[in-house]
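Quick mapping for you: the protein sequence lines, in order, are chains A, B and C.
Using our numbering, the first residue of the first sequence is number 107, and each one after it goes up by one.
Using our numbering, the first residue of the second sequence is number 161, and each one after it goes up by one.
Using our numbering, the first residue of the third sequence is number 386, and each one after it goes up by one.
Check each hint, because a few of them may be wrong.
If you want the footprint, here are the derived chain C segments under chain B, 3+ residues with CB under 8 Å [what the hints assert, rightly or not]:
hint: 1; segment: 474 to 482
hint: 2; segment: 493 to 504
hint: 3; segment: 613 to 620
Restraint-style ranges between C-beta atoms, simulated for each label pair [to be verified]:
hint: 4; chain 1: B; residue 1: Asp214; chain 2: C; residue 2: Val489; range: 55 to 65 Å
hint: 5; chain 1: B; residue 1: Thr223; chain 2: C; residue 2: Gly480; range: 22 to 32 Å
hint: 6; chain 1: C; residue 1: Pro491; chain 2: A; residue 2: Ile345; range: 58 to 68 Å
hint: 7; chain 1: C; residue 1: Gln569; chain 2: A; residue 2: Trp230; range: 52 to 62 Å
hint: 8; chain 1: A; residue 1: Leu205; chain 2: B; residue 2: Pro268; range: 37 to 47 Å
hint: 9; chain 1: B; residue 1: Pro268; chain 2: A; residue 2: Leu226; range: 36 to 46 Å
hint: 10; chain 1: B; residue 1: Val184; chain 2: A; residue 2: Leu349; range: 29 to 39 Å
hint: 11; chain 1: B; residue 1: Glu211; chain 2: C; residue 2: Phe418; range: 28 to 38 Å
hint: 12; chain 1: C; residue 1: Leu434; chain 2: A; residue 2: Glu215; range: 37 to 47 Å
hint: 13; chain 1: A; residue 1: Trp225; chain 2: C; residue 2: Trp496; range: 49 to 59 Å
hint: 14; chain 1: C; residue 1: Val489; chain 2: B; residue 2: Ala342; range: 53 to 63 Å
hint: 15; chain 1: B; residue 1: Glu301; chain 2: A; residue 2: Thr135; range: 15 to 25 Å
Read the hints as simulated data drawn from the structure, not as lab findings.
Glycine included, C-beta positions come from ideal geometry on N, C-alpha and C.
Okay, here's what each chain looks like letter by letter:
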Amino acid sequence: MNSCLQTIQDYGLRSIGIGENLLPKTDFTLCQQFTLIGSGLIWNVYFGALALVAGFFLANAIALAKTARNPWIRKPAEWFVFVFRGSPLFIQFFLAYELLVLLPRSGIEVLGITVQTSWLTKAWAGALIVLFLNTAAYSAEIFHGALRSIPKGDLEAADAYGISGWQKFRRIQWPTMLRLAWPSYTNEAIFLLQSTTLVFFSGFPAFRQQGDALYYANYFADKTFNPFIPYPIVAFYFILVTLVVIYGFGAVNRRLNRHLPQNMRAKIRLRPQVIR
Amino acid sequence: MKKLLLATAVLAMTAGLAAAQDKVVRLGTEGAYPPFNFIDDKGEVAGFEREFGDEICKRAALTCEWTTNEWDSIIPNLQSGNYDVIIAGMSITDEREEVIDFTQNYYPPAASAYVAASADADLKGNVSAQVSTIQAAYVAESGATLVEYPTPDETIAAVRNGEVQAVFADKDYLRPFVDESAGALMFVGEDISIGGGVGLGLRSSDTELKDKLNAAITAMKEDGSLNVLIEKYFGAEGLKF
Amino acid sequence: MLAACADPKGIEGLTWLTCYLTSGKHLDFYWSFGTVLLLLLVTAPSALLMGFGGAMAARSQIAPLRWIGKGYTAMVRGVPDIVYFLFFVIALDQGIEYVKNLMVCPAGSAWPWQGLEFRVCQEAKVPLASASQFAYQAYGFFLAVITFAIVFGAFVANVIYGAMQAVPRAQLETGEAYGMSHRQVFRRILVPQMWVYALPGLSNLWMILIKATPLLFLLGVKDIVYYARELGGTKTQAYDFPHADWRLYYFLGLLVFYLLMTRGSEILLGRVAAKLSKGQATAAGEAMRKAAI
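Only chain A is shown next, with the shape it has when bound in the complex:
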């Protein structure tokens, strides 16, 4: 037990470069596998959380752009959603990496200032951008659908009260859209988290053997030549994280629905609506 605490101390933050420099090589214990794979989970949460938060804002903008009358605004939004929803994330990662390494090493001159580009090829930035755009496209589609299913009566009521323009959007349309979209958006959050496992799997290389949960699971499967222990550990961790997500989003959902009578509230039902 003591040695396990030692292992956690040594490897608990290994994935972000704190602790032992070298990974265990022989005599793999269950404790090591749990610790290192759990340490890798930090990256999954990092990618998932940041992409989701940033993607939320872009998704709102794109959902609105999709409802625009002006084709110069609508068409690019539609194409953006189509490309990111219509192709496998696996291929998106790969292409993104291949394109990012083509950027000049010395940086790009913009208005006399040299902008560094080399950090873009690192997973923490490059993969995050891909995930951010990807989740923005999926969420935009959800929000767009929700915008279109806002009850007509709500909008007419707003007109009757003389609320219009920005006021109408902020006070009526947007909250209703969020409320309608939230169950699907919860699913999107879960599946985004799952797809973070693809980061080190296609395209982006791991530096200093710092990778995500699946990377370490792969390492152990490769070293112990036994896939039946590390992968179920990954599964176990992801179930835990999913439960946390469901709990958190459920709390938000209750808040969004708090003005409605009990029987009209939207329940979050986990449905595979929007994975990639």
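With chain A's structure known, arrange chains B and C on it following the hints.
For chains B and C alone, kept in the frame of chain A given last:
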């Protein structure tokens, strides 16, 4: 009586034949590591190990089938019985020896080398290597920043596009890339010899097969035909027995 | 192979490109698109079947069966599908050989799992060691189909379970009022009516399935991603057609393929949805009725 004897003899012969045919040995390779093994433009396994493997099978009187498998899972699939022999430029190491058996080496302990885009490359900086190779383990311990890619090809691409300062891999694999790069890539630093040479990987339980293959390899070493093969695929710089 | 391509290193320009694009390996590459399409065509109905079974089990009156059904539908919630892909194939392969081992191996054979090795007698190998290369590929493909069917079946089960719950209770009660038995109500009313509710979810799953096919190479099937990587990589003089790193172009090709696939499916599924919504007591059906008046 004579007839009957003849009939049994024929029967015995065909039975023997049938038994020989039953014993198909499946060879598993990666198919992405020229000149050791690669998929040629016809879509067939080719390279040094193809020719070597076919020769070994002929000498050991085995019927052999070729199959390819991702490097990542090449050992679990051997243990699962999806093929019987790994012939994929796999270096003999203690770690691997714990789970599978190796024949004697059919390629001498070869040098691994760094290749970089400039002569003054920092070998303690970012160095790429293929994931789960002995070279990757070496780089991790050398204090350099290990950058891992799933295929050997990507490790070299990373040097070309400046993602890493150098790539660390088998020198024989790197040599054609350096030769054909028209000066864009070069060997830097000293060669490092790691691993116990390249051997055929087998399940520990397949002792009979191991003996047969070992005998065939010994024969090829003794009559010099192995050296001829090495010369053919690795050129004059290839290490001989 | 064309006659002009006999000496690949002596030709250049358009002839070179033609020869390059018709090399044996490229033909394999083109075939692999067929493999992917075949996988989709085989997996979709199998996953549907698995999902249907799962949903039925989850609704069952018998508790153990219901637990299995619920457990199965819960399986894909939360766990990334790639994790299943990484060890299902070996697990399935060993499972199948173990079962066959029980049937065909002589009595008293050793327990197959010896440490890390998995050993069954020669007769229990699937396919037999003497089988042709094609048999091996077919078997690998078959394992991939099963893996996809199990994982996606769980998704389908979720959708179908939801759709069955969504069929208006009144419709089922009407059936019962006409004296139909439980099974009759299930077969004649619930199942036909449920499709319209299941279709949006199933369409989504179809899209997801298309987009999951790049993971096929994890299952040991030589799919389009495998060939794109293999063909695109830098080729030295050891090959007939040496070239620089062209993976970017190959992967752009794959991107276009996938965009076309999803776009085509979207259009097709839109038509099916319109057909199914006709005369249904749903918002879409109501809109169609109004438009017709």
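Going down the list of hints, with the structure as the test:
Counting residues of the segment 474 to 482 of chain C whose C-beta lies closer than 8 Å to any C-beta of chain B gives 4; at least three are required, and the coverage claim holds. Chain B is given as covering the segment 493 to 504 of chain C, and this holds because 5 residues of the stretch bring a CB closer than 8 Å to a CB of that chain, at least three being needed. With 4 residues having a Cβ less than 8 Å from any Cβ of chain B, the segment 613 to 620 of chain C passes the three-residue criterion, so the hint holds. Range check, Asp214/B to Val489/C: Cβ separation about 32 Å, and the 55 to 65 Å hint is violated.
For Thr223/B and Gly480/C, the Cβ-Cβ distance of about 28 Å falls inside the hinted range of 22 to 32 Å, so the restraint holds. Checked against the hint of 58 to 68 Å, the pair Pro491/C and Ile345/A fails, with Cβ atoms roughly 42 Å apart. Remark: the range hint 52 to 62 Å for Gln569/C to Trp230/A is upheld by a beta-carbon distance near 59 Å. With their beta carbons about 42 Å apart, Leu205/A and Pro268/B fall inside the hinted range of 37 to 47 Å.
For Pro268/B paired with Leu226/A, a C-beta distance near 43 Å keeps the hint of 36 to 46 Å intact. Judged by the Cβ atoms, the range 29 to 39 Å given for Val184/B and Leu349/A is violated: they are separated by roughly 49 Å. Checked against the hint of 28 to 38 Å, the C-beta distance between Glu211/B and Phe418/C comes to roughly 32 Å, which is consistent with it. Here the CB-CB span from Leu434/C to Glu215/A is close to 60 Å, at odds with the stated 37 to 47 Å.
The beta-carbon spacing between Trp225/A and Trp496/C, approximately 53 Å, falls within the hinted interval of 49 to 59 Å. Checking the proposed 53 to 63 Å range against Val489/C and Ala342/B shows it holds: the Cβ atoms sit about 59 Å from each other. Between Glu301/B and Thr135/A the Cβ separation comes to about 21 Å, which falls inside the hinted range of 15 to 25 Å.
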